[in-house]
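Trainee: Sequence:
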Amino acid sequence: MRRTGPAALIALGLIGVGIGYLLEVGLVAAGAAMLIPPISLSITLVAIGVIVVLLAIPIRRAVRSKVKVHVDPFRAMRIAVLAKACSLVGGLLTGTGIGVVVYVLTRPVPATSESLWLSIVAAVSAVILLIGGLIAEYFCTLPPPKDEKTEHAEHAPVH
Numbered sequence: 008m009r010r011t012g013p014a015a016l017i018a019l020g021l022i023g024v025g026i027g028y029l030l031e032v033g034l035v036a037a038g039a040a041m042l043i044p045p046i047s048l049s050i051t052l053v054a055i056g057v058i059v060v061l062l063a064i065p066i067r068r069a070v071r072s073k074v075k076v077h078v079d080p081f082r083a084m085r086i087a088v089l090a091k092a093c094s095l096v097g098g099l100l101t102g103t104g105i106g107v108v109v110y111v112l113t114r115p116v117p118a119t120s121e122s123l124w125l126s127i128v129a130a131v132s133a134v135i136l137l138i139g140g141l142i143a144e145y146f147c148t149l150p151p152p153k154d155e156k157t158e159h160a161e162h163a164p165v166h
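Start counting the sequence shown at 8; every next residue gets the next number (our numbering).
What the hints contain is simulated information worked out from the structure, not anything from laboratory work. Possibly wrong hints are sitting among the right ones.
[As the list claims (entries may be wrong)] So the derived label-pair ranges between C-beta atoms look like this:
#  : residue 1 : residue 2 : range
1  : THR113    : MET84     : 42 to 50 Å
2  : LEU112    : ALA14     : 26 to 34 Å
3  : ALA39     : LEU123    : 15 to 23 Å
4  : ARG71     : VAL32     : 25 to 33 Å
5  : ALA69     : ALA14     : 24 to 32 Å
6  : LEU95     : ALA39     : 24 to 32 Å
7  : LEU30     : PRO80     : 51 to 59 Å
8  : ARG9      : GLY33     : 31 to 39 Å
9  : GLY33     : LYS153    : 53 to 61 Å
10 : ARG68     : TRP124    : 32 to 40 Å
11 : VAL78     : LEU112    : 42 to 50 Å
For each residue, glycine too, the CB sits at the ideal point set by N, CA and C.
Using the sequences plus the hints, can you model the full thing?
Mentor: In structure tokens form, the structure reads like this:
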């Protein structure tokens, strides 16, 4: 599995901007109220970002340790996949939050300051989720092997 690249994050962010903006335009054009992200969404996104980093710290310690420590490969892979998912979803939600902020700022009728701040907080918390996912992904990567001969000598088969 390769780490998440900037191209994927930028593409998802742009898709999210379009989704957020067009969703708000469609809702208001249909006569419905604007969709303003609640504060609980922001709290949840930040909490998930912090939790995924906390889950990846033991793997980083085990991988970087001088002493050989057994790491459950299934656990490490699950955390790496969770981290990748967090970074991708964080990119999409960041774009969506920015799209909502752009819509709120460009409305002909000014929106309340509360809806503007809630949208900004949601976008910032999505950035925190994205960064947490990228950090956890980095924590789950293996360092490059030092030397081929030493690598094979340490793991020589027993006869």
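Trainee: Hints first: check each against the structure and report whether it holds.
Mentor: So, going through the hints one by one against the coordinates:
The hint said 42 to 50 Å for the Cβ distance between THR113 and MET84, and at roughly 44 Å that hint holds. The given range of 26 to 34 Å is respected by LEU112 and ALA14, whose C-beta atoms sit roughly 27 Å from each other. Here the CB-CB span from ALA39 to LEU123 is close to 19 Å, well matched to the stated 15 to 23 Å. Between ARG71 and VAL32, the C-beta spacing of about 49 Å breaks the proposed range 25 to 33 Å.
Between ALA69 and ALA14 the C-beta distance comes to about 31 Å, which sits within the given range of 24 to 32 Å. Range check, LEU95 to ALA39: Cβ separation about 29 Å, and the 24 to 32 Å hint holds. For the hinted restraint 51 to 59 Å between LEU30 and PRO80, the CB-CB distance of approximately 40 Å leaves it violated. Taking the beta carbon of each, ARG9 and GLY33 are about 36 Å apart, inside 31 to 39 Å as hinted.
Hint check: GLY33 to LYS153, Cβ distance near 56 Å, so the stated range 53 to 61 Å holds. Between ARG68 and TRP124, the C-beta spacing of about 38 Å keeps the proposed range 32 to 40 Å intact. Here the CB-CB span from VAL78 to LEU112 is close to 47 Å, well matched to the stated 42 to 50 Å.
When held up to the earlier numbered hints, the structure conflicts with 4 and 7 and fits the remainder.
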